[in-house]
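Number of protein chains: 2
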Amino acid sequence: MKNYKIVVEYNGKNYSGWQIQEGKVTIQGELERAVFEVTGETTQVVGSGRTDAGVSAKAQVANFLINKEMNLNKFALALNAHLPDDIAVRQVEFVDEDFSARFSSKKKTYNYYFYVSNIRHPLYDNYALQVKKSDVENMKKACKYLIGEHDYSSFVARNSGKTNFVRTIYEASIEHVEEDLYCFSVTGSGFLYNMVRIIMGTLIMIGEGKKTPEDMQKIINAKNRTIAGKTVGSVGLVLKDVKY
Amino acid sequence: MKNYKIVVEYNGKNYSGWQIQEGKVTIQGELERAVFEVTGETTQVVGSGRTDAGVSAKAQVANFLINKEMNLNKFALALNAHLPDDIAVRQVEFVDEDFSARFSSKKKTYNYYFYVSNIRHPLYDNYALQVKKSDVENMKKACKYLIGEHDYSSFVARNSGKTNFVRTIYEASIEHVEEDLYCFSVTGSGFLYNMVRIIMGTLIMIGEGKKTPEDMQKIINAKNRTIAGKTVGSVGLVLKDVKY
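Taken in sequence, the protein lines are chains A and B. The numbering used here puts the first sequence at residues 2 to 245. The numbering used here puts the second sequence at residues 2 to 245.
Certain hints may be false.
Note: identical chains are not told apart, hence a pair may lie in one copy or across any two.
Taking lysine-lysine and the DSSO-like style, the derived pairs with C-alpha atoms no more than 27 Å apart in a straight line are [unchecked claim]:
#1 K69 <-> K163
#2 K133 <-> K241
#3 K134 <-> K75
#4 K14 <-> K133
#5 K75 <-> K142
#6 K219 <-> K133
#7 K211 <-> K231
#8 K75 <-> K231
#9 K211 <-> K145
#10 K6 <-> K134
#11 K133 <-> K6
#12 K134 <-> K3
I should point out that these hints are in silico values taken from the structure, not numbers from a laboratory. The structure displayed is predicted, hence computed values, not measured ones.
Sequences are here, hints too, so could you generate the full structure?
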């Protein structure tokens, strides 16, 4: 068997997330169909993680095993010809048979785009969340409390099915992009279900003055979902990078 | 009569351009409907220029005359409540009765986004043109020939209905945005019908090596539409700014 690693860019807007589900259109489902149409082989395309409905990826990583040895340049083009326009295989390479996009990953980076304005921005609304009023400096201060190895129980959806909530966040910052548009960037060993969106909801609560930057420490320590912010929408979220 | 100047941001994707046309959904049409719904007055909303079908604007400027004197903050919010999500009035102000968004404008800046990759980028495709292969440095060199007062007959759609093709271009440059994404930015006294899209098509032809950067001068001098590049699509084009 040949093990193929692929890097995939997608606009998640029209998909029910990464993972195959009966009767739903998903990124994994589209990729497995394209691999079958190109190679005639049925396989499981395993992603580094399962992005939620509506979430996009700049560089999701996945792998799959098939028998055929393909010409890599032609394979990428062939897969893209069989994929919808909002999904593209940007790279294909051969990897060792023990490489798993899911279990071999070391770090992931997510970006969450938001803009601060009481009037909507039609040119940002496809990929950023509108925040009507915010003290972005306080949001930046709050970011530093996120860094380190912590039990992130406060930032996990209650139906996650996980029992170990300890993860390491290596970097967390907010960068100004342009005008009133910002990008929250977070790099970690891995992320719990909805974790980035709940962290973002908590940062927004702090930006609005409902909590102080220092409260981020208390919220982490509390290990209690109910005191963190709400789970914000998927539109601003992009899986930016996966490191192995 | 009160003269209102508005700054409008819109995603042109779902519209048949700025100008009102029977049976078509247009930006001007939506704005005139919103003004009527909010004020009860019928008026003509005059834009700085008529953007084509599919073209977006970061800051289109328009004006209109009505009898009522509105509270400006509330007026913007009320108009936005009556506009679809992909159009937003970002500013409203009172101006002298002789101000015309169309005839008083001094300079306009258009941006055209493109990326250079033989593989599509789903996260750029909503607002940028894919160029499969290009020498961007040659495109940059060609830009400088555009600057100045010239007869731009080579860059005008043949059905424009205009007879004077002399315009002044103050600035023309290509900036790197990120990864393989670039932005062509052009500021001029005014632009002919399809002018920016034909200039962009010509720059792409130069980037592809079908013409040299120096050929841009010859193409301008020729005053002949047939030797310039093709009219590229509207998706990458944004009216960025209008100065008065």
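How the hints compare with the structure:
no., hint, in the structure
1, K69 <-> K163, "neither (36 Å within a copy, 60 Å between copies)"
2, K133 <-> K241, "both (25 Å within a copy, 23 Å between copies)"
3, K134 <-> K75, "between (49 Å within a copy, 17 Å between copies)"
4, K14 <-> K133, "both (23 Å within a copy, 25 Å between copies)"
5, K75 <-> K142, "neither (48 Å within a copy, 34 Å between copies)"
6, K219 <-> K133, "within (25 Å within a copy, 51 Å between copies)"
7, K211 <-> K231, "within (13 Å within a copy, 55 Å between copies)"
8, K75 <-> K231, "neither (45 Å within a copy, 29 Å between copies)"
9, K211 <-> K145, "within (18 Å within a copy, 52 Å between copies)"
10, K6 <-> K134, "between (42 Å within a copy, 25 Å between copies)"
11, K133 <-> K6, "between (41 Å within a copy, 24 Å between copies)"
12, K134 <-> K3, "neither (52 Å within a copy, 31 Å between copies)"
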